[in-house]
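Chemist: These are the residues of each chain, in order.
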Amino acid sequence: MRKLKEFIVEKLILICGLASIFFVALIFLFLLKEGFSIFKTVSPFNFLFGKSWYPISEPSQMGILPLILGSLLVTAGAAIISIPIGVGCAIYIAEIAPAKIKEILKAGIELLAAIPSVVLGFIGMVTLVPLVKTVFHLPTGLTALSGSIMLAFMAMPTIVSIAEDALYSVPKTYKEGALALGATRWQMIWRVMLPAASSGLLAAVMLGIGRVIGETMAVMMITGNAAVMPNSIFAPVRTLTATIAAEMGEAVVGSEHYFALFAIGIVLFVISFAINVTADLFLHQRQ
Amino acid sequence: MGRYQRAGCEVKNSVLRFYIDFTLTSHGNNIGKIYYKEKMTPCANRNCAGVVSVHKEEDMFRKWVFVLIIVMFAASAFAAKDKNSIQVKGSDTMVNLGQAWAEKYMEKNPADFVAVTGGGSGTGLSSLLSGTCDIAMSSRNIKEKEITLANQKGINPNEIKVALDGLAVVVNPDNPIDKLTVDQLAGIFTGKIVNWKTLSGRDEKIVILSREVNSGTHVYFKEHVLRKNDPNNKEEFAPQALMLSSSQAIADEVAGNTAAIGYYGMGYISKKQRPLAIAKDEKSEYEAPTIENVINGKYPISRPLFIYTNGAPQGLVKKFLDFILSEEGQNIVMATDFVPVIK
Numbered sequence: 001m002r003k004l005k006e007f008i009v010e011k012l013i014l015i016c017g018l019a020s021i022f023f024v025a026l027i028f029l030f031l032l033k034e035g036f037s038i039f040k041t042v043s044p045f046n047f048l049f050g051k052s053w054y055p056i057s058e059p060s061q062m063g064i065l066p067l068i069l070g071s072l073l074v075t076a077g078a079a080i081i082s083i084p085i086g087v088g089c090a091i092y093i094a095e096i097a098p099a100k101i102k103e104i105l106k107a108g109i110e111l112l113a114a115i116p117s118v119v120l121g122f123i124g125m126v127t128l129v130p131l132v133k134t135v136f137h138l139p140t141g142l143t144a145l146s147g148s149i150m151l152a153f154m155a156m157p158t159i160v161s162i163a164e165d166a167l168y169s170v171p172k173t174y175k176e177g178a179l180a181l182g183a184t185r186w187q188m189i190w191r192v193m194l195p196a197a198s199s200g201l202l203a204a205v206m207l208g209i210g211r212v213i214g215e216t217m218a219v220m221m222i223t224g225n226a227a228v229m230p231n232s233i234f235a236p237v238r239t240l241t242a243t244i245a246a247e248m249g250e251a252v253v254g255s256e257h258y259f260a261l262f263a264i265g266i267v268l269f270v271i272s273f274a275i276n277v278t279a280d281l282f283l284h285q286r287q
Numbered sequence: 001m002g003r004y005q006r007a008g009c010e011v012k013n014s015v016l017r018f019y020i021d022f023t024l025t026s027h028g029n030n031i032g033k034i035y036y037k038e039k040m041t042p043c044a045n046r047n048c049a050g051v052v053s054v055h056k057e058e059d060m061f062r063k064w065v066f067v068l069i070i071v072m073f074a075a076s077a078f079a080a081k082d083k084n085s086i087q088v089k090g091s092d093t094m095v096n097l098g099q100a101w102a103e104k105y106m107e108k109n110p111a112d113f114v115a116v117t118g119g120g121s122g123t124g125l126s127s128l129l130s131g132t133c134d135i136a137m138s139s140r141n142i143k144e145k146e147i148t149l150a151n152q153k154g155i156n157p158n159e160i161k162v163a164l165d166g167l168a169v170v171v172n173p174d175n176p177i178d179k180l181t182v183d184q185l186a187g188i189f190t191g192k193i194v195n196w197k198t199l200s201g202r203d204e205k206i207v208i209l210s211r212e213v214n215s216g217t218h219v220y221f222k223e224h225v226l227r228k229n230d231p232n233n234k235e236e237f238a239p240q241a242l243m244l245s246s247s248q249a250i251a252d253e254v255a256g257n258t259a260a261i262g263y264y265g266m267g268y269i270s271k272k273q274r275p276l277a278i279a280k281d282e283k284s285e286y287e288a289p290t291i292e293n294v295i296n297g298k299y300p301i302s303r304p305l306f307i308y309t310n311g312a313p314q315g316l317v318k319k320f321l322d323f324i325l326s327e328e329g330q331n332i333v334m335a336t337d338f339v340p341v342i343k
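Just so you know, the sequences run in chain order C and R. Counting from 1, one number per residue, gives the positions in the first sequence under our numbering. Counting from 1, one number per residue, gives the positions in the second sequence under our numbering.
Keep in mind that a hint or two might mislead.
Straight-line Cα separation of at most 30 Å, DSS-like style, residue types lysine-lysine; simulated pairs [to be verified]:
| no. | chain 1 | residue 1 | chain 2 | residue 2 |
| --- | --- | --- | --- | --- |
| 1 | C | Lys51 | R | Lys234 |
| 2 | R | Lys161 | R | Lys280 |
| 3 | R | Lys197 | R | Lys271 |
| 4 | R | Lys272 | R | Lys205 |
| 5 | C | Lys175 | C | Lys100 |
| 6 | R | Lys205 | R | Lys283 |
| 7 | R | Lys228 | R | Lys143 |
| 8 | R | Lys271 | R | Lys179 |
| 9 | C | Lys33 | C | Lys51 |
| 10 | C | Lys51 | R | Lys228 |
| 11 | R | Lys205 | C | Lys51 |
| 12 | R | Lys192 | C | Lys51 |
| 13 | R | Lys145 | R | Lys234 |
| 14 | R | Lys272 | R | Lys197 |
| 15 | C | Lys40 | R | Lys104 |
To list a few chain C residues with every Cβ distance to chain R over 12 Å, as calculated [to be verified]:
| no. | residue |
| --- | --- |
| 16 | Phe22 |
| 17 | Leu31 |
| 18 | Glu34 |
| 19 | Ala76 |
| 20 | Lys106 |
| 21 | Leu112 |
| 22 | Asp165 |
| 23 | Ala178 |
| 24 | Gln187 |
| 25 | Met229 |
If you're looking for bench data, these hints aren't it; they were derived computationally from the structure. Virtual Cβ for every residue (Gly too), placed ideally from N, Cα, C.
I would like the entire structure built from these sequences, with the hints used as guidance.
Modeler: Laid out in structure tokens, this is it:
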């Protein structure tokens, strides 16, 4: 009886373990099946590099270049803002901060990670958007810049916690050696700690970016969603994620529009997969 | 030596943990103890990974079978109720309204069931003709062709006006512009007019606000203002138009932006936005989007919303329609940002 029970439990847990892989595979297959159907009517080149996105018109125009560029622009902006702040914060927590402040900062950053993105989007919409509009004298504050700033907040917790981890795992001897040789604290951080932790720091940055590019709700609320070719960070943009979220409700199942949204999903999947793999490579390089 | 320890769970500092792992054994003895759930009986046999408590699981099993049986009974009971149901189908613009009516109606008449689905006015009317729905919602009049087809099938479409739909075009109260023609609106929203100066306003770039493509309002505005009801017209919203996800987002942006122009159902107008008076063409009067102007048909961006039934409504359908046309039903019309037909 015990043996049998043991057997059942073992198999059940095996199924649980396999389930996650199974579901991922199913999702991936479904995504591919639905997404590739669009290429029966639109050529991949026109889909990826077309400049107009009018999915519900007759005839429809399905060019997602403005959306890809929109996503990349917002992500790049968020990276530029969040990387220096995030890494700086990690250095402070790992090396400089006294134990008490360290605890407070860590708790604060965890709290930042806990804020739902829709709440951040809403706060951004009522506070940041008017601010951006007045500070830069723009016709509207719903711009890529607003999205970047808000997304930088979302990338920060990921970057800080992984970067701090990377700095923490630098062997103590490196640090002591540097100090013993007469390096100042800054020299020790800049010349020893950062290079030693570089692969971990890069992984932190990549994972932070990965979080940003997949973010939907906040960008949908504050970037304006105009499917125009972005020419500056002060202009409204439409991202890949916002397009899927905004239009899925309308698309008739099995229509060209529906397939196009799945194809956008594939593009998004490829981008975030590439980012995660890069991050993983950096992380394993460290070990 | 290492041995595959199968699955088990472990209590450490009163925290229950599950794991699947290799565990080291030394000289045939397990290192560490393994417990089963809250029983916490130490493992007696080293060939087993976790100590089992059979009774408990059997109890659980019985419980689940019992729950399952109850669920099945409940499901069959619900299925039996389906006889008292009405199928409502049609216009996507009216889906929310129909849903709101259905919810309130079912709250008052728990024995009846109203199912509301969208698909578009055409879909609704064709299902009415093929007998797959009891009520068709439509944001346009039935076509001659459809009536002929219906008569051939022995169906007699009966039209009931249940609500009106008026769209307000709004600007910031600081914007000196207070009236526009439909042509000027089309020019603005297609991106041909880019500065308020062209319309003798301030020298400011126009910020176009639109609803997302998933909105019926977006489609309606495109068809009736940008394309002026002409099916061959291929005008589009300007690519630089900001697509906002809700009417409230448009209202907020207009309230804070002197250069913005947007549109939404009349229900969202507040003191923070100025609704424009609209004229069909230059010779017509400019009319403000008020409930009266929508009811008497003077305001150009409005349309009636219909419900079609087969013949005069009877039984359950009549009961539901009476509810729609009652004061309560028309209050729901107001709450979902349409204009009631009866004041």
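Chemist: Does each hint hold? Answer for all of them.
Modeler: Each hint tested on the structure:
With a C-alpha separation of about 18 Å, the suggested pairing of Lys51(C) with Lys234(R) holds against the 30 Å cut-off. This hinted pair checks out: Lys161(R) and Lys280(R) have alpha carbons roughly 23 Å apart, not beyond 30 Å. About 24 Å separates the Cα atoms of Lys197(R) and Lys271(R), which keeps this hinted pair within 30 Å; it holds. Proposed proximity of Lys272(R) and Lys205(R) is supported: the alpha carbons are some 20 Å apart, at most 30 Å.
Using a Cα cut-off of 30 Å, the hinted pair Lys175(C) and Lys100(C) holds, with the two alpha carbons roughly 22 Å apart. Annotation: proposed proximity of Lys205(R) to Lys283(R) holds, straight-line Cα distance about 27 Å (limit 30 Å). Proposed proximity of Lys228(R) and Lys143(R) is supported: the alpha carbons are some 19 Å apart, at most 30 Å. A hinted pair counts as satisfied when its Cα atoms are at most 30 Å apart, and Lys271(R) with Lys179(R) qualifies at roughly 17 Å.
Distance hint between Lys33(C) and Lys51(C) is fulfilled; the C-alpha atoms sit about 25 Å from each other, no more than 30 Å. Among the hinted pairs, Lys51(C) with Lys228(R) is consistent with the structure: their alpha-carbon atoms are about 26 Å apart, no more than 30 Å. Distance hint between Lys205(R) and Lys51(C) is fulfilled; the C-alpha atoms sit about 23 Å from each other, no more than 30 Å. For the suggested pair Lys192(R) and Lys51(C), the alpha carbons sit about 19 Å apart, so the restraint of at most 30 Å is met.
Pair hint Lys145(R) plus Lys234(R) holds up; C-alpha atoms about 25 Å apart against a cutoff of 30 Å. Among the hinted pairs, Lys272(R) with Lys197(R) is consistent with the structure: their alpha-carbon atoms are about 22 Å apart, no more than 30 Å. At roughly 45 Å between alpha-carbon atoms, Lys40(C) and Lys104(R) are farther apart than 30 Å, so this suggested pair is violated. At roughly 17 Å from the closest C-beta of chain R, the C-beta of Phe22(C) stays outside 12 Å, upholding its exclusion from the interface.
No Cβ of chain R comes within 12 Å of the Cβ of Leu31(C); the nearest lies about 21 Å off, and the non-interface call holds. Distance check for Glu34(C) against chain R: the nearest CB is about 18 Å away, which clears 12 Å, and the non-interface claim stands. Residue-level check passed: Ala76(C) sits 21 Å from the nearest beta carbon of chain R, beyond 12 Å. Distance check on Lys106(C): its Cβ is at least 21 Å (rounded) from any Cβ of chain R, clearing the 12 Å threshold; non-interface status holds.
With a closest Cβ-Cβ approach of about 24 Å to chain R, Leu112(C) is found to remain outside the 12 Å limit, as its non-interface label requires. At roughly 22 Å from the closest C-beta of chain R, the C-beta of Asp165(C) stays outside 12 Å, upholding its exclusion from the interface. Once the 12 Å rule is applied to beta carbons, Ala178(C) is consistent with being away from chain R; the minimum gap is 38 Å. For Gln187(C), the requirement that its beta carbon stay farther than 12 Å from each beta carbon of chain R is met, with the minimum near 42 Å.
Listed as outside the interface, Met229(C) is inconsistent with that label: its C-beta sits roughly 8 Å from the nearest C-beta of chain R, within the 12 Å cut-off.
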